[in-house]
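With the hints as constraints, model all of the structure from the sequences given.
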Amino acid sequence: MAMASSSALRPSLPLRFCPPPLRNPLFSRTLSCRFPSTRSSPRKVLLRSCGGACSSSFDPGGHASLSFSGRIPHLLQRSMFSGNATPNQNSSEDNQEKIDVEADERYMDDSKMIRICDKLIEVFMVDKPTTTDWRRLLAFSREWDNIRPHFFKRCQERADAEVDPEMRHKLLRLGRKLKEIDEDVQRHNELLAVVKGAPSEINSIVAKRCKDFTKEFFVHLHTVAESYYENPEKQNELANLGNVCLAAVQAYDNASESIEALNAAELKLQDIVNSPSLDAACRKIDDLAEKKELDSALMLMLTKAWSAAKESNMMKDEVKDVLYHLYKTAVGNLQRLMPKEIRILKYLLTIEDPEERLSALRDAFIPGDELQEKNVDYLYTTPEALHTWIRTVVDAYNFSREGSLIKEARDLMNPKIIKKLEELKTLIQNNFL
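Residues 876 to 1308 in the numbering used here are what the sequence shown spells out, letter by letter.
Calculated from the structure, these hints are not laboratory results. Where is the CB? At the ideal position from N, CA and C, for every residue including glycine. Some hints could be false.
Quick list of in silico lysine-lysine cross-link-like pairs, DSBU-like style, CA-CA up to 30 Å [what the hints assert, rightly or not]:
#1 Lys1109 <-> Lys1045
#2 Lys1143 <-> Lys1054
#3 Lys1054 <-> Lys1090
#4 Lys1185 <-> Lys1167
#5 Lys1179 <-> Lys1291
#6 Lys1143 <-> Lys1159
#7 Lys1215 <-> Lys1167
#8 Lys1052 <-> Lys1086
#9 Lys1071 <-> Lys987
#10 Lys1054 <-> Lys987
#11 Lys1185 <-> Lys1143
#12 Lys1195 <-> Lys1185
#13 Lys1054 <-> Lys1003
#14 Lys1143 <-> Lys1071
#15 Lys1195 <-> Lys1143
#16 Lys1179 <-> Lys1215
#17 Lys1215 <-> Lys1143
#18 Lys1215 <-> Lys1295
#19 Lys1071 <-> Lys1083
#20 Lys1071 <-> Lys1045
Quick list of simulated restraints, FRET-style, between CB atoms [unchecked claim]:
#21 Asp1039 <-> Asp1059: 25 to 31 Å
#22 Ile1241 <-> Asp1192: 27 to 33 Å
#23 Asn1021 <-> Arg1048: 20 to 26 Å
#24 Ala1126 <-> Asp1035: 50 to 56 Å
#25 Asp1192 <-> Asp1238: 36 to 42 Å
#26 Asp1035 <-> Glu1135: 49 to 55 Å
#27 Lys1166 <-> Glu1132: 16 to 22 Å
#28 Thr1267 <-> Asn1138: 18 to 24 Å
#29 Lys1195 <-> Glu1132: 51 to 57 Å
#30 Lys1109 <-> Ser1133: 35 to 41 Å
#31 Asp1238 <-> Ala1082: 51 to 57 Å
#32 Arg1048 <-> Asn1129: 40 to 46 Å
#33 Val1038 <-> Ile989: 18 to 24 Å
Okay, structure coming up:
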């Protein structure tokens, strides 16, 4: 039987960027931690060495919130004026008093920040010890940019002063690992700021910085969207921005793959055309077919080359004949890559006469040697196998499941062809099953 075929490619469905269900932040302007109900004395972990600088509250669900109020006692109380001083005293003495007061305020701020950093060290080392938790904490925090330099400095100070070698190692590891994660988060935030600043230029941004749009970036974007749990409008804005980024990255990847495929096909075509003889060129096409490298991009180029040559008045007939022969050789090889049942079906669909179609079915079900000649291939199958293929195509059409078919069978998804397939199905059931 001589059989023809064609194939159709379908694009894959795009992914959607949907943030997961929202959860309360682990810390933002206040530091809050979720403690398991079975844990003993969580207040001790939160309030150790806090003194009058912090307050805490627990809700019925066991959620503890720690707030730093700034009510730290002044260790050095100085008045702007001494006992015998007057507002008109020497300006140098007045300036000295101002410097002393500013130093007191700086000391208070440093003391408060040290206590905040110590609390965070407890959280990172005890309550949330995994790197995944650390990423979420940094993404949720609105104050981390202010805390960052003090935190790493405090980690180093505590490690230097630590007597226990194991605890010293833990502090150094915390500082090192958290710094790596912090650098990642800063990089993701910088990219997010660029995208938010020019959403209409997302395609050019993706083209320039495609390597930065990693899985970790989109996870970070999810987490940032979660952090706006009290602002649904802002959350939806970030979710939509994530969808735009994901669509742009997917479009860029598809375009890159297409360009790579076309470049590879162009090299293959040049190699075929530069063959010393027509037979050598045909052998190269046969070799590509055996290696499963005779793809749709190469077929598209061969088709365009033959079509352009056929319509051109500037090309010699010998060149047209060569391109036509190469095109037909490629088509024949492409057909041979198709499942034989599909090839038999496509051949049977070309037969209009019912008697001739029934005779062709009988021939197809007679076992024998399968031969592939220059212009004709001899194939056979079983009634059960052919009936299964017909039922699969018809069911896919009826239930709109085109994506479940192999690409060689998708061009059968046509109402007129489906009607003929149903007739063939009935014919096989009545005569061969």
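Hint check:
1. With a CA separation close to 38 Å, the supplied pair Lys1109 and Lys1045 exceeds the 30 Å bound.
2. For the hint pairing Lys1143 with Lys1054, the CA-to-CA distance comes to about 49 Å; that exceeds 30 Å, so the pair is violated.
3. Proposed proximity of Lys1054 and Lys1090 is supported: the alpha carbons are some 20 Å apart, at most 30 Å.
4. Restraint check for Lys1185 and Lys1167: the C-alpha separation of about 28 Å stays at or below 30 Å, so the hint holds.
5. Restraint check for Lys1179 and Lys1291: the C-alpha separation of about 29 Å stays at or below 30 Å, so the hint holds.
6. Distance check on the hinted pair: Lys1143 and Lys1159 sit about 9 Å apart at the alpha-carbon level, within 30 Å; holds.
7. With a C-alpha separation of about 16 Å, the suggested pair Lys1215 and Lys1167 falls inside the 30 Å cut-off, and the hint holds.
8. For the suggested pair Lys1052 and Lys1086, the alpha carbons sit about 23 Å apart, so the restraint of at most 30 Å is met.
9. Only pairs whose Cα atoms come within 30 Å are accepted, and Lys1071 paired with Lys987 is rejected, the gap being roughly 34 Å.
10. As the CA atoms of Lys1054 and Lys987 are separated by approximately 22 Å, the hinted pair is consistent with the 30 Å bound.
11. Note on Lys1185 and Lys1143: the hinted pairing holds, with a Cα-Cα distance of about 21 Å set against a maximum of 30 Å.
12. Among the hinted pairs, Lys1195 with Lys1185 is consistent with the structure: their alpha-carbon atoms are about 6 Å apart, no more than 30 Å.
13. A hinted pair counts as satisfied when its Cα atoms are at most 30 Å apart, and Lys1054 with Lys1003 qualifies at roughly 16 Å.
14. Distance check on the hinted pair: Lys1143 and Lys1071 sit about 43 Å apart at the alpha-carbon level, beyond 30 Å; violated.
15. At roughly 19 Å between alpha-carbon atoms, Lys1195 and Lys1143 fall within 30 Å of each other, so this suggested pair holds.
16. With a C-alpha separation of about 27 Å, the suggested pairing of Lys1179 with Lys1215 holds against the 30 Å cut-off.
17. About 27 Å separates the Cα atoms of Lys1215 and Lys1143, which keeps this hinted pair within 30 Å; it holds.
18. With a C-alpha separation of about 19 Å, the suggested pair Lys1215 and Lys1295 falls inside the 30 Å cut-off, and the hint holds.
19. Pair hint Lys1071 plus Lys1083 holds up; C-alpha atoms about 16 Å apart against a cutoff of 30 Å.
20. Of the supplied pair hints, the one linking Lys1071 and Lys1045 is violated, its CA atoms being roughly 38 Å apart against a limit of 30 Å.
21. Remark: the range hint 25 to 31 Å for Asp1039 to Asp1059 is upheld by a beta-carbon distance near 30 Å.
22. Between Ile1241 and Asp1192, the C-beta spacing of about 43 Å breaks the proposed range 27 to 33 Å.
23. Checked against the given bound of 20 to 26 Å, the beta carbons of Asn1021 and Arg1048, roughly 24 Å apart, stay inside it.
24. Taken as a hint, the range 50 to 56 Å holds for the pair Ala1126 and Asp1035, whose Cβ atoms sit roughly 52 Å apart.
25. About 38 Å separates the C-beta atoms of Asp1192 and Asp1238, a value consistent with the hinted range of 36 to 42 Å.
26. Separated by about 53 Å at the C-beta atoms, Asp1035 and Glu1135 satisfy the suggested range of 49 to 55 Å.
27. With their beta carbons about 19 Å apart, Lys1166 and Glu1132 fall inside the hinted range of 16 to 22 Å.
28. At roughly 36 Å, the beta carbons of Thr1267 and Asn1138 sit outside the given window of 18 to 24 Å.
29. At about 33 Å, the CB distance of Lys1195 to Glu1132 disagrees with the hint of 51 to 57 Å.
30. For the pair Lys1109 and Ser1133, the supplied restraint of 35 to 41 Å holds, since their beta-carbon distance comes to about 37 Å.
31. Restraint check, Asp1238 to Ala1082: a C-beta distance of roughly 56 Å satisfies the suggested window 51 to 57 Å.
32. In this structure the supplied range 40 to 46 Å holds for Arg1048 paired with Asn1129, their Cβ-Cβ distance being about 42 Å.
33. Range check, Val1038 to Ile989: about 19 Å between beta-carbon atoms, so the 18 to 24 Å window is met.
Going down the numbered hints, you'll see the structure goes against 1, 2, 9, 14, 20, 22, 28, 29, while the others check out.
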